[in-house]
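Undergrad: Please work from the sequences and hints to get the whole structure.
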Amino acid sequence: MMETWVILGATSSMARGLARALADRGAGLLLAGRDMADLEATAADCTLRGARLAEAVKFDARDPSTFGPILERLGKEDGSLNCACFVGSMPPQADIDADPSLIEGVITDSFTGPARFLTALAPMIEARQMGCIVGVGSVAGDRGRVGNYVYGSSKAGFHTYLSGLRNRLTRSGGHVVTVKPGFVDTAMTWGLEGMFLVAPPDAVAASILKAVEKERNIIYTPFFWRYIMMIIRSVPEPIFKKMSI
Amino acid sequence: MWKASEYAGWGRVHKAQGELARPERARALSALAAEGPALGKRRSYGDACLVDGGKAVDMGRLDRYLDFDAEQGLLTVEAGCALGQIARDFAPRGWLPAVMPGTGFATVGGGIAMNVHGKNHHGAGAFSDHIIEFELETPKGRKTVRPGDPLFLATVGGLGQTGIITQATLKLTACKGDLMMVTERRVPDLETFCDLLDESEATYTVGWIDATARGEGLGRGILEEGETGSGLVPAAKRGKKIPMDAPGWALSAPVVKTFNAAYYRRVPLKGRTVVKPIDDFFFPLDKIHDWNRLYGKNGFHQFQCVLPVEQRPVLREMMAKISKAGLASPLAVLKRMGPGSAGHLSFPMEGYTLAVDFPNRKGAASLVHELNAMTLDAGGRIYLAKDSVATAAQVKAMYPDWQTWAKACDAVDPEKALVTDLVKRLELRTTT
Ligand SMILES: Cc1cc2nc3c(=O)[nH]c(=O)nc-3n(C[C@H](O)[C@H](O)[C@H](O)COP(=O)(O)OP(=O)(O)OC[C@H]3O[C@@H](n4cnc5c(N)ncnc54)[C@H](O)[C@@H]3O)c2cc1C
Ligand SMILES: NC(=O)c1ccc[n+]([C@@H]2O[C@H](COP(=O)([O-])OP(=O)(O)OC[C@H]3O[C@@H](n4cnc5c(N)ncnc54)[C@H](OP(=O)(O)O)[C@@H]3O)[C@@H](O)[C@H]2O)c1
Chain A
23 MMETWVILGA
33 TSSMARGLAR
43 ALADRGAGLL
53 LAGRDMADLE
63 ATAADCTLRG
73 ARLAEAVKFD
83 ARDPSTFGPI
93 LERLGKEDGS
103 LNCACFVGSM
113 PPQADIDADP
123 SLIEGVITDS
133 FTGPARFLTA
143 LAPMIEARQM
153 GCIVGVGSVA
163 GDRGRVGNYV
173 YGSSKAGFHT
183 YLSGLRNRLT
193 RSGGHVVTVK
203 PGFVDTAMTW
213 GLEGMFLVAP
223 PDAVAASILK
233 AVEKERNIIY
243 TPFFWRYIMM
253 IIRSVPEPIF
263 KKMSI
Chain S
-12 MWKASEYAGW
-2 GRVHKAQGEL
8 ARPERARALS
18 ALAAEGPALG
28 KRRSYGDACL
38 VDGGKAVDMG
48 RLDRYLDFDA
58 EQGLLTVEAG
68 CALGQIARDF
78 APRGWLPAVM
88 PGTGFATVGG
98 GIAMNVHGKN
108 HHGAGAFSDH
118 IIEFELETPK
128 GRKTVRPGDP
138 LFLATVGGLG
148 QTGIITQATL
158 KLTACKGDLM
168 MVTERRVPDL
178 ETFCDLLDES
188 EATYTVGWID
198 ATARGEGLGR
208 GILEEGETGS
218 GLVPAAKRGK
228 KIPMDAPGWA
238 LSAPVVKTFN
248 AAYYRRVPLK
258 GRTVVKPIDD
268 FFFPLDKIHD
278 WNRLYGKNGF
288 HQFQCVLPVE
298 QRPVLREMMA
308 KISKAGLASP
318 LAVLKRMGPG
328 SAGHLSFPME
338 GYTLAVDFPN
348 RKGAASLVHE
358 LNAMTLDAGG
368 RIYLAKDSVA
378 TAAQVKAMYP
388 DWQTWAKACD
398 AVDPEKALVT
408 DLVKRLELRT
418 TT
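Those sequence lines, one after another, are chains A and S.
Following our numbering, the numbering of the first sequence begins with 23 at its first residue and continues without gaps.
Following our numbering, the numbering of the second sequence begins with -12 at its first residue and continues without gaps.
Worth double-checking, as some hints may not be accurate.
If we take Cβ atoms under 7 Å as the criterion, some of the chain S residues that face chain A in the derived model are [to be verified]:
(1) R9
(2) Y52
(3) L53
(4) R133
These aren't lab readings, by the way, just hints derived from the structure by calculation.
Each residue gets a CB set at the ideal place from its N, CA and C atoms; glycine is no exception.
TA: The following block contains the structure:
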């Protein structure tokens, strides 16, 4: 079955892992992001690994004018149209506290920008009656914490959006996977304090692909984060508000 | 950007505490080039890949294929790509890295900076003999470097002291497929071993040597000769992992002696030819992840030298000394090297190369020290990728071009920002 994937935020090492795994099985890839030179390198890599098509395309979550051309390019491909979104930004909470104007950017990168793109993609999936959307959220979206609650709330918003989109697309044969990674060993977390049980990005990519194949709805990756978050969510608010985790 | 890290060389005798950057984009490298040297997968045994108290750049995330010319077998690849990965991906298409060391984890950058050799050195030469060009991000800016350039001679085998190799174009070698036809034979003693190695016409030749055997059987072992082939064999099994440090007795003298005797007899008296996946032949130890932990928490030393062909008697003396000391592990390898290659500090030169692992027990470091001295006296050299005990004077005498090299490094790295623990220990960039 011919498949084409738009990878939003394809410079992320998790995204690179997924792109390579998709290339291995001969998928077509539109690698979308802001750093064109880096995307070109990943495109070359994916082509040499067996991708049917691998092109770098410009995508800026904060510039909706970049969305249309990607969707247009995607529409030219036959078969299933799919998208995996890895876009997100997490400036230190202290920086945001000092400059609240940063909030819009975080919400746009991690939630509203991708949501706007995916909402424009949805009718194309509906029209073909097939296709998969993978949205990468975060365990940080499961409960607001003092350390990153603006980033966390953008992810919470994105989770809710994805749940609704799943509800919509399922009617026409499309599917949406919500991915909630725990700590992953990427550029975003390199050198941050307080990291534990850090997963390699390729392992996360592999679990995403498996979830796509099995049409899972919501996955935690690595899986044990489901249980960690179950516990964290169950702490009563009067106690939780005094904790610093 | 910088992460406080504790890390070690493969032998785990030397350790470092320092700050590591691990860029995921090639563009980041120009800003990092003046901060510290590049590191590959840290498969060097000693302190060549350590910067204690300083900064270094982990290249592991820059591992993409950038271009491939399927007619000529020219592969352009980012420097953090592991050579074993290239072998796995390209052998089914009929191409292999022309030179592969005994671990597939070694990266392209580490392969250039140590000018590594493989089981085919007698015919194919060293890593530097198969480079079309590479990009070098020096503290003084970016350069494209080709064979013959002065910077080429300072960078191949150059211990990462000229800058960060960001990507390289390699000439791959054609292969018949991703299988190896391997002929294994018992070799009764050292003299016969050297003769057989001299005469071998196989593309890939390597000797496993029983470093515990004495008397008549001194230097006995197994000769393996391999050629690539194609066909169908079951897929390689998933790797196993050593979960913890082994206790001290795991590699004690009686255990090793018993193991080696059994390993020797494993090959029938008349020899045999077997078919193996390429990984099993080229990287036999990689299947067991973190096998260095078998040596316990004190780690181990590897001694590797190359001796000129006419120094067989010294090789014999070395083997006698090693077996008498009773410190050797089962990992001991003898190979025949062909003529040397470019690079002021490149290790390979015509002769016999012997590599033996010693658990870091009492007497191991001083034994290696004695073997180093014997190497120098015999007009040979030791391999800096393995060394952790040599002295500055010894190494400078073995590598007489070191001053030319040091000057070339200083020209692109005047602040000496790229010095590693090995370069510091051996005072290699101290030219006065
Ligand atoms: C089991 C085993 C078997 C081996 N067998 C062989 C063998 O048969 N033949 C052989 O020649 N060697 C052999 N080796 C040694 C190994 O191939 C070398 O030490 C090699 O350099 C390791 O590569 P690395 O990527 O891990 O580099 P590291 O060990 O991390 O670094 C080695 C040196 O390369 C420099 N370097 C790394 N990347 C770059 C870069 N991008 N730019 C500039 N400098 C860089 C570092 O600064 C350092 O000086 C073996 C090692 C093991 C563990
Ligand atoms: N690392 C973790 O522990 C962890 C845990 C849970 C969830 N996550 C999520 O996983 C995803 C991938 O993150 P990562 O860890 O791999 O970090 P990363 O390398 O920083 O990835 C973030 C990605 O988002 C892109 N991006 C940010 N703002 C953008 C914008 N305005 N327009 C277009 N692209 C933009 C970045 O592209 P540029 O190259 O253009 O900057 C980059 O590709 C993120 O959504 C992150 O929130 C990570």
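Undergrad: Would you list, in rising numerical order, the hints stated earlier that this structure does not obey?
TA: Checked against the structure, the only hint that fails is number 4, while the rest are satisfied.
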